[in-house]
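J.: Protein sequences appear in the order of chains L and G. In terms of the numbering used here, the first sequence has 53 at position 53, counting the first letter as 1, and numbering is strictly consecutive. In terms of the numbering used here, the second sequence has 118 at position 118, counting the first letter as 1, and numbering is strictly consecutive.
In short, the hints are calculated from the structure, not lab data. Just so it is clear, the structure is predicted and the values come from calculations on it, not from any experiment. In this text, a Cβ means the ideal position worked out from N, Cα and C, and glycines have one as well. One thing to keep in mind: the hints can contain errors.
[As the list claims (entries may be wrong)] Cross-link-like lysine-lysine pairs, in silico, DSS-like; alpha carbons within 25 Å at most:
no., chain 1, residue 1, chain 2, residue 2
1, G, K40, L, K51
2, L, K29, G, K103
3, L, K29, G, K55
4, G, K98, L, K39
5, G, K38, G, K54
6, L, K39, G, K132
7, L, K51, G, K128
8, L, K29, G, K42
[As the list claims (entries may be wrong)] Distance ranges between label pairs, derived from CB positions:
no., chain 1, residue 1, chain 2, residue 2, range
9, L, N24, G, K54, 15 to 21 Å
10, G, N106, L, I7, 23 to 29 Å
11, L, E33, G, N106, 19 to 25 Å
12, L, I62, G, Y33, 22 to 28 Å
13, L, A46, G, N106, 35 to 41 Å
14, L, Q6, G, Y23, 29 to 35 Å
15, L, L35, G, T41, 21 to 27 Å
16, G, I110, L, A64, 53 to 59 Å
17, L, A20, G, K132, 38 to 44 Å
18, G, E48, L, S66, 49 to 55 Å
19, G, Q58, L, I62, 18 to 24 Å
Chain residues, written in single-letter form:
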Amino acid sequence: MNYLQQIAKLYEDYTFAYDAGQINAAEYKSLLEGLEIEKVVSTNAAELEYKENLNLAINTAIKAASAFV
Amino acid sequence: MKKLIVAAIIATSLSGCVLLDAYFMAGYDTNEYALVNKIKTKAELSVEDCKDVKKSRQNAEDLYFIAIEMKNFAENIPRNVDTTKLATNLVELTKQGKEQYAKDSNVSEIFCKLKLQQISRSAEVAQKVIGKKPR
Numbered sequence: 001m002n003y004l005q006q007i008a009k010l011y012e013d014y015t016f017a018y019d020a021g022q023i024n025a026a027e028y029k030s031l032l033e034g035l036e037i038e039k040v041v042s043t044n045a046a047e048l049e050y051k052e053n054l055n056l057a058i059n060t061a062i063k064a065a066s067a068f069v
Numbered sequence: 001m002k003k004l005i006v007a008a009i010i011a012t013s014l015s016g017c018v019l020l021d022a023y024f025m026a027g028y029d030t031n032e033y034a035l036v037n038k039i040k041t042k043a044e045l046s047v048e049d050c051k052d053v054k055k056s057r058q059n060a061e062d063l064y065f066i067a068i069e070m071k072n073f074a075e076n077i078p079r080n081v082d083t084t085k086l087a088t089n090l091v092e093l094t095k096q097g098k099e100q101y102a103k104d105s106n107v108s109e110i111f112c113k114l115k116l117q118q119i120s121r122s123a124e125v126a127q128k129v130i131g132k133k134p135r
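Please model the complete structure; the sequences and the hints are all you need to start from.
T.: Spelled out as structure tokens, the structure:
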């Protein structure tokens, strides 16, 4: 299960808890807003990871090029 | 030679801004990593207190404080915009928990557990990438 599938599953779980009266409307709303933030966290983390991989590639390329200088 | 070709491909297929951003990005910082780890650990351990509303309110406030501390630490490090974004996300998430306790004197145990799980998961996602920043 990837991260976004996990978030979809959590949405179902929260809705079930709300429908069953285990959490009130304000709590349900807060949890759904939290899920939105979790999605943003996932996107922001992917952007940072992309830069980290690029940084590694650039440094490797510079080292390789330096060997010829 | 193969690596030079890869370097040439990277250099020609990406804009200068992306390359500069990646090359000069802020490196790994022990304090930053410690703060995100603290958020994750505190969220995990606080689940045990969810039956006690008073303790849980304090835990929610503590988590918010640590997230703010992390954001304040990260935001003034040059070329650290991505980590600052993650810290800001954690501030928003912990603020939601804190606000729920501020406006409701009878927060449910299940909400407490689910909100802490959200914070813990997000902190873990952030921790994994922060730990991989260049040394």
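J.: Give a verdict on every hint.
T.: Structure-based check of each hint:
1. For the hint pairing K40 (chain G) with K51 (chain L), the CA-to-CA distance comes to about 24 Å; that is within 25 Å, so the pair holds.
2. Proximity of K29 (chain L) to K103 (chain G) is assessed by CA-CA distance (about 14 Å); at most 25 Å being required, the pair is judged to hold.
3. For the suggested pair K29 (chain L) and K55 (chain G), the alpha carbons sit about 23 Å apart, so the restraint of at most 25 Å is met.
4. Using a Cα cut-off of 25 Å, the hinted pair K98 (chain G) and K39 (chain L) holds, with the two alpha carbons roughly 20 Å apart.
5. A threshold of 25 Å between alpha carbons decides the hint, and for K38 (chain G) with K54 (chain G) the separation of about 21 Å falls inside it, so the pair holds.
6. Straight-line distance between C-alpha atoms of K39 (chain L) and K132 (chain G) comes to about 20 Å, which keeps the hinted pair within the 25 Å bound.
7. Proposed proximity of K51 (chain L) and K128 (chain G) is supported: the alpha carbons are some 14 Å apart, at most 25 Å.
8. Proposed proximity of K29 (chain L) and K42 (chain G) is supported: the alpha carbons are some 23 Å apart, at most 25 Å.
9. Separated by about 19 Å at the C-beta atoms, N24 (chain L) and K54 (chain G) satisfy the suggested range of 15 to 21 Å.
10. A hinted range of 23 to 29 Å holds for the C-beta pair N106 (chain G) and I7 (chain L), which are about 28 Å apart.
11. Checking the proposed 19 to 25 Å range against E33 (chain L) and N106 (chain G) shows it holds: the Cβ atoms sit about 20 Å from each other.
12. Taken as a hint, the range 22 to 28 Å holds for the pair I62 (chain L) and Y33 (chain G), whose Cβ atoms sit roughly 26 Å apart.
13. Remark: the range hint 35 to 41 Å for A46 (chain L) to N106 (chain G) is upheld by a beta-carbon distance near 38 Å.
14. Between Q6 (chain L) and Y23 (chain G) the beta carbons are some 33 Å apart, a value that agrees with the proposed interval 29 to 35 Å.
15. Here the CB-CB span from L35 (chain L) to T41 (chain G) is close to 22 Å, well matched to the stated 21 to 27 Å.
16. Checked against the hint of 53 to 59 Å, the C-beta distance between I110 (chain G) and A64 (chain L) comes to roughly 55 Å, which is consistent with it.
17. The hinted window of 38 to 44 Å between A20 (chain L) and K132 (chain G) holds, with their beta carbons roughly 40 Å apart.
18. Hint check: E48 (chain G) to S66 (chain L), Cβ distance near 53 Å, so the stated range 49 to 55 Å holds.
19. Roughly 50 Å separates the CB atoms of Q58 (chain G) and I62 (chain L), a value that falls outside the hinted 18 to 24 Å.
The earlier numbered hint that this structure contradicts is number 19, and it is the only one.
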